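Start from chain A and add chain B according to the hints.
Listed below, chain by chain, are the residues.
Number of protein chains: 2
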Amino acid sequence: MIPSKQDLLLAMQRVQPFVHETPILTSSMIDEQAGCKIFFKCENFQKMGAFKMRGALNAIGNLSEDQKKAGVVTHSSGNFGQAVALAARNLGVTAYVVMPENAPQVKKEAVKGYEGRITECVSTLQARETTSEEIRVKTGATFLHPSNNLDVILGNATAGIELFKEQGDLDYVLTPVGGGGLVAGTALAAHYFGNKCSTLGGEPFQADDAYRSLRSGKIETNVSTNTIADGLRTHLGDVNFPIIKALVSDIIRVEEHEIIDALRLIWERLKIVAEPSCAVPFAALLRKKELFKNKKVGIIISGGNVDVKNLPF
Amino acid sequence: MIPSKQDLLLAMQRVQPFVHETPILTSSMIDEQAGCKIFFKCENFQKMGAFKMRGALNAIGNLSEDQKKAGVVTHSSGNFGQAVALAARNLGVTAYVVMPENAPQVKKEAVKGYEGRITECVSTLQARETTSEEIRVKTGATFLHPSNNLDVILGNATAGIELFKEQGDLDYVLTPVGGGGLVAGTALAAHYFGNKCSTLGGEPFQADDAYRSLRSGKIETNVSTNTIADGLRTHLGDVNFPIIKALVSDIIRVEEHEIIDALRLIWERLKIVAEPSCAVPFAALLRKKELFKNKKVGIIISGGNVDVKNLPF
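First to last, the protein sequences are chains A and B. Residue numbers are given in the numbering used here: position 247 of the first sequence equals residue 247, and the series is strictly consecutive. Plus 1000 on top of the position in the second sequence (first one is 1) and you've got the numbering used here.
No wet-lab data here; the hints were simulated from the structure. In this text the structure is predicted, and so the values were computed from the model without any measurement. Beta carbons: idealized from backbone N, C-alpha and C, even for Gly. All clues given are correct.
No more than 20 Å apart at the CA atoms, straight line, and that leaves these computed lysine to aspartate or glutamate pairs for EDC-like:
| no. | chain 1 | residue 1 | chain 2 | residue 2 |
| --- | --- | --- | --- | --- |
| 1 | A | K108 | B | E1268 |
| 2 | B | K1309 | A | E258 |
| 3 | A | K108 | B | E1032 |
| 4 | A | K112 | B | E1268 |
| 5 | B | K1037 | A | E21 |
| 6 | B | K1112 | A | E268 |
| 7 | B | K1112 | A | E32 |
| 8 | A | K309 | B | E1258 |
Okay, the calculated beta carbon distance ranges per label pair:
| no. | chain 1 | residue 1 | chain 2 | residue 2 | range |
| --- | --- | --- | --- | --- | --- |
| 9 | A | E290 | B | N1294 | 51 to 57 Å |
| 10 | B | E1021 | A | T221 | 45 to 51 Å |
| 11 | A | M1 | B | E1290 | 56 to 62 Å |
| 12 | B | D1307 | A | E32 | 17 to 23 Å |
| 13 | A | G113 | B | T1221 | 41 to 47 Å |
| 14 | A | Q6 | B | N1062 | 50 to 56 Å |
| 15 | A | F143 | B | L1009 | 54 to 60 Å |
| 16 | A | K293 | B | D1307 | 29 to 35 Å |
| 17 | A | P17 | B | G1113 | 39 to 45 Å |
| 18 | A | E290 | B | S1064 | 45 to 51 Å |
| 19 | A | G113 | B | N1062 | 46 to 52 Å |
| 20 | A | E120 | B | E1290 | 34 to 40 Å |
| 21 | A | N310 | B | G1168 | 37 to 43 Å |
| 22 | B | T1026 | A | E120 | 29 to 35 Å |
Just chain A, same shape as in the assembly (with noise of 0.2 Å):
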């Protein structure tokens, strides 16, 4: 069931109030390197630091009273931990957050900046699902799902109606596909917003469920996850993958030293910090330069939450 132009606007409506509308920067040099024009839509500047504080207050705005007085609660490798603590502040709510032991540093102190009850639980996601229902039975918060639910996908989309806006034309949008979410929102802006404009994903070979899922039809998993992208070693659900089914038109695999290579890029040139994560879809762009050619590309940068004394070069 793929949601309606009317369930975007009103993600809209509860979201603008909240968050930034985010810039959109260009470079030439980069334009001239990848042969293409490219607008990068730069949610790494977005309130605690990317994209997906749209979906959280989507999520959380759309609860009732009684769900509100109750809480939320969600596991998280980071940034979507934060979105839920502030999202859930900025409305007077309660958020539970389960952040795996290994998570950053920064982003730990983060969630705890923004006033989230964190749970530690061993990096694997059967230990974080299990810790997250733990809570919810315990204190009847509701669970809020990163990336498998469809207020976050609808509040995600809201990052592409604001690129549509300023850039009506666009050949291609591309953003990372992680949990798929953010791929998904996407590609709904794109759907009702964009004029002929095609969604695709960037998607590590270390890490490619989305790649083999939109092949064989069903959701894949990952069997390793080894990627410096670490916001996308989760996989897909059961309520966005029909939306990227239908909508994405496909993703486009991509190798670490080409990460690497690329958010260097994004950072020397584009001069924003930037996460890992954020330099896959532009790695994909210039793995496939002739696809691109002359093109008008939208590239969702994802967010900015980065240890800046840990960086890969």
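Only chain B this time, still in chain A's reference frame:
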């Protein structure tokens, strides 16, 4: 002799077609920490990565046709060389750029990329001046000083004009002080386009010539320039000093560790790639928090041309 508002408007006309109107970024986390509301005017996103593009465009754009044919020459440890090379290419003029041998490789490569003709010399002001003069005599090119040139100062002022156009009610505007061209231009913009806005400069204790010049009433020089803020090692000149004396309220000095801490905040909280020099006015604000309490403050982020492989944190 203080330039007129009309002089600034003419510079704006010359510069505007070739530059980005750079975004102004804010961060509620930074504001909380600083105790005031800060508007960062991000000239690190400017063409070639720094505000210096504005001064170079205005100075070259204001040459006669005969002068343009003979070309321009400058000496620069980095950003102004790139600015002159790119501005000259935009206007169809040959640019000769004298650079110290130890200038960052990334800056040398950028000058070459913009078709600037580089001559290297040893890393002293005297060698830079002598080498520039030799080229000037040989080619007939017009010498452009990076900061002590009225057209450069007026071009620099256009960043401030844009800032005040968007935020007309700033109480303070802060810039780094190196050669004095940015602080002089910004002070002019504040004088004509601000509303009782004071202009302040930030300067390293390790290169505090402007601080001492304002106090002695004459241009002082630096004995040593042992600061990480490599853009701020130069001294004031007879063109910009009268403007600074008339329109800059004060210079605030900061320690090296304060510059590094402020730089890291800019990277991690504002999510932008900025040069160490850019962090100096922000460090000055953090050092004198009580002065800025609850005020609205503009800070010009001067440039982002930094080697991300060689960071101080």
